[in-house]
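Asks: Chain by chain, the residues run as shown.
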Amino acid sequence: MVSAMEIYQLTPKLNCKKCGLPTCMAFAVALLAREKQIEDCTPLLEPKYEAKLKKLREVMAPVAGATETGLIIHEDRCYGCGNCVVACPVNVANDPKGSAIGLGPKSDKVILIVEDGVVKCLNPKECRRFGPNRILCNLCTATCPSKAIEFV
Amino acid sequence: MAVCTGCSLLCDDIEVTIDGRRITKTKNLCRKGFGRYRSLASDRSVRRVDGKQVGIDEAISRAAEMLRDAKRPLLFGWSCSTLEAQRKGIELARRTKAIIDDTSSICQGEIMDMVIREEIPSCTLDDVRNYGDTLIFWGCDPSSSHPRHMSRFSYFPRGEKLQRGHEEDRTAFLIDIRASPTAKILSGNFVQIPPGGDADLIDAMLAVLDGKIPRVRDKKAMISMMNTLKKADMGVVFPGLGLAYSLKGRMDRLKMLVDRLNETTKYNVIPMVGHYNMRGFNQLLFNETGFINRVSFADGVDHGPMYSVVEASKSCDLALVVGSDPISSLPAGIARALAGVPMITLDPHRTLTTELSRVVIPTALSGIEAGGSALRMDGVRIEFDPIMKSEYPSDEEVLSMILEEI
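Protein sequences, first through last, are from chains A and B.
Take 1 as the starting number for the first sequence in the numbering used here and just add one per residue.
Take 1001 as the starting number for the second sequence in the numbering used here and just add one per residue.
Among these hints, one or two may not hold up.
[As the list claims (entries may be wrong)] Some chain A residues judged to face chain B by a derived CB distance under 10 Å, without partners named: (1) 5; (2) 14; (3) 67; (4) 69; (5) 81; (6) 114; (7) 117; (8) 147.
Derived from the structure by calculation, the hints contain no laboratory data.
Since the structure is predicted, the reported quantities are computational estimates derived from the model, not experimental observations.
Virtual Cβ for every residue (Gly too), placed ideally from N, Cα, C.
If we strip away everything but chain A, and leave its shape as in the complex, we get (with noise of 0.2 Å):
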């Protein structure tokens, strides 16, 4: 997974304030936590940055199929096992008579499901990292035993 300070080495380093933010630094934090874009960089666009824009396009590639609660699912990865759909507090809260006690899924508003042999992500939006006054709740990845899931 690509870190802040990856990113950090691919901008223009010229803290020109030109997207809005104080530092390079803060820019690659904001990129990563998709607040930002790519091209709200404007000197990186310029063509001597353009080998640093295409690494930068190139690490970032992965994090583009992240949801707005920056989860990304290595499908390939997956054992389909299900500890994440029983450990997610979220799952368990919704979803009593299921996922709480092993079972698969009953409820409609459980965030994760096993489908097709590999975890899916449903709703989102009742993840606890969601929106502003995000807890950085990590159960989900802490019990995947072939770190299929992750957090950008």
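Based on the hints, put chain B in the right spot on chain A.
Replies: For chain B alone, coordinates are given in the frame of chain A:
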């Protein structure tokens, strides 16, 4: 709701959408179970006698004739068939005075023998979910072998007495020789041992229970683990193949440890059975003969290591293989001996064993194309209905037809 027969958890909360014979969507199936459902359309075996495609009647009569003529037939496999098919299989063994053995003979047989004879306490997986607060996964990797074990029954779910699940109410230890995917989840409670070091670890654990200093490198960690184990309200040991192979012939060590732990609190053992109905066959054969595997009906009922698939494959003159692939799974020398014997194979899929068999009879995939019942790894009987019609007969139907011919 369908039942998945991908492993011995027999998950019965599977939702499947089908369109004719095509599975379009499944819910709650793990990757392993999904693979079994998807195998419905891939690599199915073809009915054959001596390399030629034949009708069902001809295949059955040829199989019956071979079984009738054989002097020392071996009936092997069974762990991937329903209880009903296994019952027919045992009847067939009696009728043909055959040797009958299943995969437990080279798998969890020794531990299963103690569990079925009630020499070692056991409980159901539902008890584990509701009351099992201290778990030991020993020589197994449930994340890979039984993907939903930890999420459905053992570690993660909330139970009747354990409302906070794994977060506060449960502790799980993993004892293994390698940092498996399960070790990533239980990294704080992972005890790594050298290959074959299980007996030494048991000695160290018993030493702590005796109040002595254990002979291990990290004495503090061992004493702290044993203190946690002693504080359990209900503990469960899940021995896997790693422990079964490491303690081969010395299974009394495990029994001694469980007995000692049971002096202070309640401990149970549930073997991590691989195939979906291995326990069913063991239980059926035990009810009929008093032995769980390795039985010969040649002269009454006889039992012994010479009737295990490993030995019998060298001495038999015919092998009937049902729902198993011994040529792929047995060591090369034994597989070679078995490959030299005429084989009749009943299997839904093309395997190395079907490729080398004289008679191949394709059967329906149980749980998907054929119904029946099976015993889960904890001995709970799970019944299932087929979710679609099939052109293939079930194992039970084929064995009934062979029995009639004989």
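Asks: Against the structure shown, which of the earlier numbered hints fail to hold, in ascending order?
Replies: The structure conflicts with hints 1, 2, 3, 4, although it agrees with all the remaining ones.
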